[in-house]
Amino acid sequence: MGFSTTLTINGVTRTIALDDPRVTLLDLLRERLDLTGTKKGCDRGQCGACTVIIDGRRINSCLALAISYDGADVLTIEGVARGDRLHPVQEAFIAHDGMQCGFCTPGQIMSAIGLIREGQAGNDPERIREGMSGNLCRCGAYQGITQAVLEAQKALDAASRKEVA
Amino acid sequence: MKSFEYVRPTTIREAVAAAAQPGAAYLAAGTNLIDLMKGGVSEPSRLVDISHLPDLDRIEDLSDGSVRIGALVRNADLANDRDFARRFPAVAEALLSGASAQLRNAATVGGNLMQRTRCAYFYDMASACNKRSQGGGCDARGGDNRLHAILGWSESCIATHPSDFCVPLAALDAVVEIEGKAGRREIPLDMFHRLPSDTPDRENVLESGEMIVAVRLPAEAARFAAHARYLKVRERTSYAFAVVSAAAALRMEANVIANARLALGGVASKPWRAREAERVLIGTPADTQLFRRAAEAALAEAEPSGDNAFKIELARRIVVRAFALAAAGTPEPLPALPGSPFAAFSGVLTHV
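These protein sequences, in sequence, are chains C and P.
Counting with the numbering used here, you get residues 1 to 165 for the letters of the first sequence.
Counting with the numbering used here, you get residues 1001 to 1352 for the letters of the second sequence.
Note that these hints are calculated values from the structure, not bench results.
Ideal Cβ positions, reconstructed from N, Cα and C, are used throughout, including at glycine.
Be aware that a few hints might be false.
[As the list claims (entries may be wrong)] Partial chain P-side listing against chain C, Cβ under 7 Å, derived:
| no. | residue |
| --- | --- |
| 1 | T1031 |
| 2 | A1101 |
| 3 | L1337 |
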């Protein structure tokens, strides 16, 4: 039996035929749409490597059935830069060595973008660590990650103030 | 994952009809269900996707002063709703102490009530589990069970209910609104989950096809706002289930406890309301000795189900600490590490 799901992915709307309702959003992105920036770590909602932003909110794409997210707006790591200009969170991760092997990094960056949008952590490192606890980094680059999120938040604040002015 | 039929009803009535057939399960965010299906622990033959149903994602103030939370309200949206968090701070703190930000953004109110135990033997298909397969035995009984139940357990099951959210809900007399083929009915949250007895596979009172449509907090629940805390001991400070947790709430009148509420998490197959402890506190001035007596009353019936006798004393201490924190006043904003006994105190008290 055939199914389809319509998703807007990184600004492009497409209707995708699904031959099976079991396909997760993560597998759809990676295996069907060649968007392999989103990583499969645990595949059980524990590590955060598969984090994407759906309708403005960060979620674990491994626990999301693609068919159930019919109509959603999906932002993946491939959609955050503007051409050659990196997203401020990407720049901050590079500036603060927020990674070693890099496998968790796309999920960390998507989670950080989500965290900053949520606006609950402010510039409190403890709240940032708590808000990022759904993203594991087995290399242990947590200190750099926290610094990167703090700095990216500052940069985005300054940019939005400039926009308002 | 076993194959299933996928249906997406457009009304509650359609959903209830679609879910009435044996083997059907409701799908909301799926943060627990999809995980269970991947592991082969749950094998529904039909998924009834209710995530697109209209009007179930609202937080409504009712004319009698109660608050009605739709079953599809996301955990994060409820916890971060300023008005809700101000009136029910222990509920917000419990929600924010649970899972990760990604999961809280997806997981729903109804799904939280329906989540399954995290007993490792329940998840491991190679282990015996009466909850998974009635009469199959329980490998947790002689296994690694330091985190298992100390109250209300039976020889057939010693699993705990993992929810944080349900603990203050039980303390605050929340009511669950349920829709079924015969129409709507209500049940106190405290009576929604069942103790295992010899049927641990029956975890709650829902009948075939019935669906949670809302959870309601009565007006009285908001009267504890100035002195309400959720305290949760876990094996790491964030993103872990409770070893033991407590929701403690006081209504103070001129330094005397006019009313008290207590429920424990991580100790039984349901959020554990401790009414005996509440009775100890009512009508007396708040002090640590009194909280200790309340803690003794709350754990009077506790018994280890394995290598977990430590949880009984831990629970007593958590009760004393939770009431001491509640008596000191609800912090605003909530601590950086919600529910953590290790959180540095910050912010101002809304009531001293």
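Against the structure, the hints:
no. : hint  : result
1   : T1031 : holds (5 Å)
2   : A1101 : holds (5 Å)
3   : L1337 : holds (6 Å)
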